[in-house]
Each structure stands twice: as C-alpha cells, then as structure tokens.
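Visitor: For reference, the chains in residue letters:
There are 2 protein chains.
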Amino acid sequence: MSVPEFLPLSLQELLPKWAHFCLFVGRFVEEELGVDLEGKRVLVGLSGGVDSTALLLVLHYLSKRADFTVEAVHLDHRLRPESIDDAAFCRDLCAALSIRCAVETADVAALARERSIGLEEAGREARYKLFASLRESGPFDYVAVGHQLDDLSEDVLMRLIRGTGWPGLSGMPGFDPARGLIRPLLLLPKSTLVAFVTRLGILWREDATNADDAITRNRVRNEILPLIRRENPNFWQSVARLWKIGRIEQDYWDTLTANPCEILDNQTLKDAHQALRLRLYKSCLDAVGPGQALAETLFKLDEAWLEQKVGAVFQFPGEKTATITASGVVFGSSH
Amino acid sequence: MSVPEFLPLSLQELLPKWAHFCLFVGRFVEEELGVDLEGKRVLVGLSGGVDSTALLLVLHYLSKRADFTVEAVHLDHRLRPESIDDAAFCRDLCAALSIRCAVETADVAALARERSIGLEEAGREARYKLFASLRESGPFDYVAVGHQLDDLSEDVLMRLIRGTGWPGLSGMPGFDPARGLIRPLLLLPKSTLVAFVTRLGILWREDATNADDAITRNRVRNEILPLIRRENPNFWQSVARLWKIGRIEQDYWDTLTANPCEILDNQTLKDAHQALRLRLYKSCLDAVGPGQALAETLFKLDEAWLEQKVGAVFQFPGEKTATITASGVVFGSSH
Chain A
1 MSVPEFLPLS LQELLPKWAH FCLFVGRFVE EELGVDLEGK RVLVGLSGGV
51 DSTALLLVLH YLSKRADFTV EAVHLDHRLR PESIDDAAFC RDLCAALSIR
101 CAVETADVAA LARERSIGLE EAGREARYKL FASLRESGPF DYVAVGHQLD
151 DLSEDVLMRL IRGTGWPGLS GMPGFDPARG LIRPLLLLPK STLVAFVTRL
201 GILWREDATN ADDAITRNRV RNEILPLIRR ENPNFWQSVA RLWKIGRIEQ
251 DYWDTLTANP CEILDNQTLK DAHQALRLRL YKSCLDAVGP GQALAETLFK
301 LDEAWLEQKV GAVFQFPGEK TATITASGVV FGSSH
Chain B
1 MSVPEFLPLS LQELLPKWAH FCLFVGRFVE EELGVDLEGK RVLVGLSGGV
51 DSTALLLVLH YLSKRADFTV EAVHLDHRLR PESIDDAAFC RDLCAALSIR
101 CAVETADVAA LARERSIGLE EAGREARYKL FASLRESGPF DYVAVGHQLD
151 DLSEDVLMRL IRGTGWPGLS GMPGFDPARG LIRPLLLLPK STLVAFVTRL
201 GILWREDATN ADDAITRNRV RNEILPLIRR ENPNFWQSVA RLWKIGRIEQ
251 DYWDTLTANP CEILDNQTLK DAHQALRLRL YKSCLDAVGP GQALAETLFK
301 LDEAWLEQKV GAVFQFPGEK TATITASGVV FGSSH
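Just so you know, the sequences run in chain order A and B.
Numbered according to the UniProt record's numbering, the first sequence terminates at residue 335, and the numbering increases by one at each position without gaps.
Numbered according to the UniProt record's numbering, the second sequence terminates at residue 335, and the numbering increases by one at each position without gaps.
If we strip away everything but chain A, and leave its shape as in the complex, we get (with noise of 0.2 Å):
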C-alpha cells in the first residue's frame, strides 16, 4: 500500500513539528499571496508527485481549521504504462482523507503532434485547460498547484537565461487572479516536503520525465542548478528573498500604472522618470490586446520621444502601435 492504513486526518494529530509547518503555509497564503480560504472551494492539481501529495495533504489538514473545501484532480497523460497506477495512488490518498477526486485522461503524446509542441508544453496546457473546465463547472474559488522552491528556482534561472526584465525575473506569482490559481508551497523547499510525505508514511510516485535532459526545464534543473547550488548551498533562500522583493516592486509599479489609456500626453512623460515612463508605455500597450512589449522597442520609443520625433511609429507584437504625435504618445491597434 502506498497510502498507510491509519493516516493523520487532522492538525492535531500531527507532530508540532509538522503542524506548525502547516500553519506556515496557512498564513503564507493569508498575507503573502493575500488569498482568504475562508469558507471558499479549492480545487488541488494532484499529480501523486511527492508537491502535489503534500499539497493536499497540508490544504486538508487547514481545511478543518480555517473552514474550506477541499477537492482533487487527476489528469492521466497517458505517456507512459505506469500512470494507471498514478491514478490509482491518487485516488487511494484522497479516499484515506475523505476528500473528493475526479480522474481524467488526456492523450497528451497526441496533443503535443497535433500543436507541435513538446510533450511538457502539452502536458502543461491539457493540465490548465482542465482546470479551468472544472474550476467554472465546481464551481471552485481557487485552483491550488504544487511548485514549490525548487520550481521557483529553476523558473528564476530559466527567465534569466530567456532574458525577462524585473520584476518578471523574481518569478512566477503565488497567486494569479486571472486562474485562481495558488502556489502555496512556493517559498518552500522541495526537501521539506519530502520530509513531511516520508514522515507519514506515504510512498508518492515518481515523475518519470523529470530525468529527462532533452527539456530545457531539465536541464536547468539536472545540471545548472547542482552547480549553482555547490558555490551557495543556501541559494534557494537567495531565490525566495528575489520573490518576495519581485512581488512587491511588481505591486509597486501595478499601482502607479493602474490606469493605461490610449494616449499619454507629454505633460505626463515630462513628470515621469524614464523607469516610469517605461512602464507607463508598457501597461498602454497591454491595455490595447495581447502581445508582450520587447524591452528594446520601448528604449526605442521612449528615446524617440525624448527627441520629440513627431510621427515616428513603433510596432509591437500583436499588432500593437506607438506613434509620437505633438500632444504625446498614441496607442492603438494596427488590424
């Protein structure tokens, strides 16, 4: 059995050990993603991976104390013979805490053909595409995944390597309204977590494409990060520091661009720092549609203003327009 016969079912029949590490996660959620459980329905992404098991089990163990509802979601990949029995680990841990547990299967090799894309990509978006379904038919408030500091790491790395600006460098958000989704194991190692599954017992399963060195994601994670890890051992507190001063900044400048509009005019930019007039340019341009901005566009668009270039148009992707005019800077849509 890969699920102990008699397994804690509450808070307080674990170690105070494990018990306060459960709060910790509690209150993580509370203040640093700002999310209230309360009451709410929260659906568990849950993979039978050592972040996802802990995962529902540290949002059960709260569920009882904070009041909340706690379902789980089963997507089968079908990659490999083996993931029956992923299922089946899944449904036998969720039985053992009484908690509801919906299997799916998704051909996600087939997927991965059809859009060419590599088989993680796929997996990634059969995963998110189902938990959106369900998060409207539950209805659920908040879908709740398993990243924990380990992923946030190799997401730290990866945006350095793919040239991400800040605060986007800090890494992925712990709370992303758009999906309900949260990440409440963030800022916590994946060393812990195995200690806590190990503690009670529980033999999770094994993600088999994590050995895989053909996906960049791996690579970072097999060979990168066990070398930055031996110049500083502690680096993944170094990357949960990053994040918390990422989220703040990143609030900072959501605040002083809280009203894109199609037209800045030059009063505006003459107030603004270059920083800010960066950032201005960049959440008019998110306002007009889909498309990220290139860092390098924007240099060259605030440099065009600063030399008043009247008339000077800049393409973004998606269409997307700037043109220097004698009042100031116009965005718009080019279709």
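Derived by calculation from the structure, the hints in this document are not laboratory data.
Errors might be hidden in some of the hints.
You can't tell identical chains apart in this list, so a pair holds if it fits in one copy or across any two.
What the hints assert, rightly or not - Listed below are the simulated DMTMM-like cross-link pairs for lysine to aspartate or glutamate, each with C-alpha atoms no more than 25 Å apart in a straight line:
1. K300 - E32
2. K282 - E31
3. K190 - E71
4. K300 - D36
5. K270 - D254
Let chain A serve as the given structure and place chain B on it in line with the hints.
Guide: Same frame as chain A, now just chain B:
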C-alpha cells in the same frame, strides 16, 4: 614582436567597421554612463590581456577626436614567471601609440597571505589601491578598466548566486563616481574585442589564472556560463538588457531616496508604498555609516513599523540601529 611595427594611429586608419566600433564605445561612455571625456585625463588599467588592450586602443583612437589624454598603468602581480613579459608587452604597446605607461609591482601572494584572502581578491585590492593613488597624484579624472559583457554576465550570475536584490542584481555599474571608475567596454562581448585586437595584429597576453577552477568566478565562467549559453546563445544580450533596466531603476530609486534622514516620520512612511519604505530605510541606514543592511532585517523592521511596535530596536551590520518610536523610525549608531 607582439606589437606590429605599423599600428593604425587614428580612427581614420581603421577599417570603417572598427572605426564605428570605437565611436560606439564613445557614445556609450557619453550617453549611457553620462561621462564627458573632453579635456579630461584618463588612466587605463592595462594588464596586457585582450580586454584592457582593446580598451587602451579604443580610448587612444577616441582621444584624438574628442581631445582627452590617455595614460596607462600596468601592475605586475609577480604571481607567474611570465609576468615580466606581460609588463614588456604593455610597455611596447604604449610606446607604439606614444602613450605614457607606468609599470609598478606588487607582491600579491604576500598580500594574500598577510590578509588571509584569495589571490584574485588580493590582486584586485592591489590594483585598485594603485589606481586610487595614481588618480590622486596624476591627477586623473577617470580610471578606465576593461570589464566587458562576458564579465558582466559572470557578475550577474555571481550576484544571483550570492542573493543580491534589485537593482544590484543587474550587475556592476559602468561608472562609479566615488572611485572615478569607468567601464567603457561593459556592453561589448569579449569575442568582439578579440576580433578587434586580432585585426590589428596584436598578440595580447593570456591571463593564466582564468583557467584556475579553484576560484568561484572561474567556475561560473568555465562551467556554469557555457551551460547557460547552450540554452540561449544570445544570453549576453539578455544581460545587457537587464543591465540597462537596472541602471534606469537604480537612478529612479536614488532620486526618490536622495535625502536620507535620521528619522522617517510616520506620515512619510504612511504615504509610501512598501517598496519605497524598504528603500527609504536602506538609504537612511547607509547614511549612518558603512555596513550592508540585510533584506530580511529590513522586512522585519517594516513589519514592526506596520504593527507600531514602539520601542522595538533592529540591529544592522556596522553597529547601526533602527528604532520604532511613537513618531516614526529613528536611525542611529550603537557605538
């Protein structure tokens, strides 16, 4: 001969491509670093490696046009028997360009033993001490050093590993007013410098310590960076972009915290977003005296201020303190 008999002596004698390259460096110094070299005296730190060789050449060609003076200094670290050849190369190169060149020696190994520091750190210390003393006696307006984009990439990674916040994470400054230090080549990849110096037929000196894997910086350079470049061959462009954003935001925050004071009153703090409050604390602490404030302690100080824990005292490195009082946060020294 490491230095060819006929070396171009002015921009006009260079291929257009390389003349443009020199002019790019000139614009970078003027526009990005905000440094006007006209009529100034510049001391170049010359190791004889490809970076500082390129730097000397570029500044020499620019100096004819923008009317500033270039001199060079080479410090013999006495770590390798060949170091005497490095000095001879520097003398030859400077002679060919009619540039005054001082050659000094320092027993870096002895300094490292004496101070119980690494050879790299001891070498850096000896160099910058010499630069400071020559800058005063020269006198020189600026000291130019050969850091380039590969160094900046290493620096960004080292800062990420070490846990540096934002905007420090974006890397070393291009202009350090306190030391009069400029880094004109900071956004140029080393490969470009190699192509330039090679084209001129100069056989620069290789720095043997670069291959020594005992040094963290060299492990970052020789092991971690190649893996990152495999994922994104244009990683250096990501770094250059990040550096630019970092400089702009550093200036933004410097402007907002330009008047550090001994007491931050409650009204000022109430009007400020948390992002600004954290930077205000830091700038007030910096004004008290040397010692880097830890982000964690700044977070705790802010939490205590939010909860109005009057009487709470926070200790910072350099025996500095921050105390919550009824009227605000008071900064001081505990010795």
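Visitor: I'd like to know which numbered hints this structure contradicts. Please list them from smallest to largest.
Guide: Every hint satisfied by this model.
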